[in-house]
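One line per chain: the protein sequences are A and B, in this order. Take 1 as the starting number for the first sequence in my numbering and just add one per residue. Take 1 as the starting number for the second sequence in my numbering and just add one per residue.
Just so you know, the hints here were simulated from the structure itself, not pulled from any lab data. Where hints are given, some of them may not hold.
Pulled from the structure, derived: some chain B residues nowhere near chain A, Cβ distances all over 12 Å [claimed, not checked]:
1. Q41
2. Q85
3. D88
4. C279
5. T383
With a cut-off of at most 20 Å between alpha-carbon atoms, the simulated DMTMM-like pairs for lysine to aspartate or glutamate come out as follows [claimed, not checked]:
6. B:K184 - A:E32
7. B:K534 - A:D78
8. B:K337 - B:E450
9. B:K228 - A:E70
10. A:K58 - B:E224
11. B:K498 - B:E539
Here are the in silico distance ranges between beta carbons for each label pair [as the list claims (entries may be wrong)]:
12. A:Q41 - B:E232: 50 to 60 Å
13. A:F19 - B:E199: 23 to 33 Å
14. B:L305 - A:F74: 48 to 58 Å
15. A:L28 - B:K203: 15 to 25 Å
16. A:D61 - B:L131: 28 to 38 Å
17. B:T321 - A:D61: 47 to 57 Å
18. B:S180 - A:S8: 55 to 65 Å
19. A:V71 - B:A206: 37 to 47 Å
All residues carry an ideal CB built from backbone N, CA and C; glycine is no exception.
Spelled out from the first residue to the last, the chains are:
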Amino acid sequence: MTGKQFISGLFGLVLCFLFIKIYQHNRLIQAEYEFQRIERQCDQLIKLCNKEQIRLAKLKDPTVLKKRAEVLGFIPLDPQQLVFITHTTADQGVAIA
Amino acid sequence: MTQKDFNGRLSIIFLFFLVLFFCVLIRLYLLQVLDQQFYLQLGTEQYGTEVIMQPARGLIYDRKKIAVVHNTEVNSAFVVPNQLQEADALKSWLACSYPSVFERMMENQKSKFLWVDRSVSDESIDTLAGLGLADLLYLKEPQRYYPLACMAPIIGFTNIDNVGIAGVELLFQGRLGGKSATFKLNRDAHSGGFYFTKELVHKGIAGKPVVLTLDTQLQFLAHEELEKTVQEFGAKKGAVIILDPYTGEILAMASVETPDSSTSEGMVDSIKNQPITDCYEFGSVMKAFTALAALEEGLVTNDELIDCHGDTYVLQGLRVTNPFHAEVLPFIEVMKKSANIGLAQIALRLGPKLYDHLAKLGFGKVTGIAFPGERAGYLGKPTQWCRFTPMVMSFGYEISATLLQLAHAFAIVSNGGFSIEPQLYLVPKPKRIKQPVRLYKPKAIAAIKEILEHIGSKYPISGYTVLGKTGTARCVKDGRYSTTDHIYTFGGLIESEKYHRVIVTSITCTNETNKARRWASQVSAPLFHTIAQKMVLIERNH
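Same shape as in the complex, but just chain A (with noise of 0.2 Å):
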């Protein structure tokens, strides 16, 4: 090989280097968009997440569930209606129909 050739394959080789760099470049800065994209949209799920468990706050509420139930005919329970059997009941004497 002659000097000459050596050289023209050194600056093909750098030359090859550089253009190899700047596609490695690239693609990082499309990665980092991409990655950046993503965050987005998970931010953008996490406020659209928020956003339902306080529908589902404002659903589970027990004044509107209160509300929502005695339009349907509920009614509230009366706790004397109930008996409940434990040892104390049993030296009470309640007598359980």
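On the provided structure of chain A, position chain B as indicated by the hints.
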């Protein structure tokens, strides 16, 4: 053209390019070396930016891991005064709709940011957007949403900057709020919000959750029943505490206040956590602890006959009146009839020891719950007493306490005489909890429970033993004991083999006429009974 001419022209062109090259070189020197700092700064400003990222605020959960607060976003409107495109239109609108903002903008027209309105509803934002003002910009700000109104006095709230300023939000501001992280971003002009490098400058800490000992269902139950009672009796306010006497965990802590729109204090009162911020002289309910002290000291037994001297009696110069006529009765009946004269005699036997016992039960000092605004109440030392003090203290005057202190004292009775510390949160783990210490002998506890069961039998719950003591006391108004303002209290225990709960209820009525004179057995005791009945039903289902 001769060779000589050609060489001459070539030299001129060469010289021209040489001069040009030197010009470029000089320019480069000026740019890269002499003015390096200036252009470096200019470049950094153009594509480099520092971003502070606030972490999402930690959530607050109840003991069943139900979120009692949520994170949400609200809209806010702002302008950039130094970059206005249609300044005249904006200024005329601001001068009309937001005069204070207009004034601030006119004072500093070169400022880079100015809020117009914050926490604006979606409807208002639509209206603002409909105005078509190009300089009016919007952004989303984090805010808290509280789904349960009954939890409000405990959870507290955050301010417009999402910083806790009351209740648990304030107590755990550091934990919930976390720490903001700072990043240095490099981005080009065309990448929109995207960046190509991100460098961490300050590491942030994410907001961590807090788990309370409260049970949402019990809290709602207590609040709902309390609200009904307050409305029924036209009361000024009321409060309820449900406590586990073995762990000290507070399961519910409700307070209701009838809003007084005439004063600004009314607004503050409605968000106050009354059971720990308001101190009262609770009256006869304190007789339970006078009796416990006397039983512990062996100064009385449940069957000892005590002369209650009818209706009124002068004892060591103090005129004492019984709420109901009472003659010679066994001590257990003296307690049931809540005879002041009987208890005053027992207090005289106790003397300064009464102070030791009340202090041992936690009166006169904060419970250690570390909630913002907790008060210690008042328990005067024997050196500060007058000769009447033990007598009036025995039936709940000259001693003021919070409802939490009262619940704490009843919990000691319920758990067999062991010390406990009331707890409001499970996570973060409370600081080292002291090992329970026996404060009262089993014999004294058994005797006081017999008395309380005798009184509590009026409020039966199938399957459970109910113990309790009522208290009707006059409130202090304008430096005197009022005849129209009363506080009705009930301290109750619900027990079965493996189930123990303490419920303390109090209702404050003002401007009552004598005709409408009531007793705690008519006001706070039925409230206790209703809550207790429903509570056992809820807790059996879990």
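The hints, checked one at a time:
1. Q41: 24 Å, holds
2. Q85: With a cut-off of 12 Å, B:Q85 remains clear of chain A, as the shortest Cβ separation is near 28 Å.
3. D88: 36 Å, holds
4. C279: Non-interface label on B:C279 holds, nearest chain A Cβ at 31 Å vs cutoff 12 Å.
5. T383: 46 Å, holds
6. B:K184 - A:E32: Given that 20 Å is the threshold and the Cα spacing comes to 15 Å, the pair holds.
7. B:K534 - A:D78: 9 Å, holds
8. B:K337 - B:E450: At roughly 15 Å apart (the allowed maximum being 20 Å), B:E450 and B:K337 satisfy the hint.
9. B:K228 - A:E70: The given pair, whose Cα atoms are some 17 Å apart, holds under the 20 Å limit.
10. A:K58 - B:E224: 17 Å, holds
11. B:K498 - B:E539: Holds, at about 12 Å.
12. A:Q41 - B:E232: 50 to 60 Å: 54 Å, holds
13. A:F19 - B:E199: 23 to 33 Å: Given about 28 Å between the Cβ atoms, the range holds.
14. B:L305 - A:F74: 48 to 58 Å: 53 Å, holds
15. A:L28 - B:K203: 15 to 25 Å: 24 Å, holds
16. A:D61 - B:L131: 28 to 38 Å: 35 Å Cβ-Cβ, so the 28 to 38 Å window holds.
17. B:T321 - A:D61: 47 to 57 Å: 48 Å, holds
18. B:S180 - A:S8: 55 to 65 Å: 56 Å, holds
19. A:V71 - B:A206: 37 to 47 Å: This hint holds: roughly 42 Å between Cβ atoms.
The structure is consistent with each of the numbered hints, conforming to all of them.
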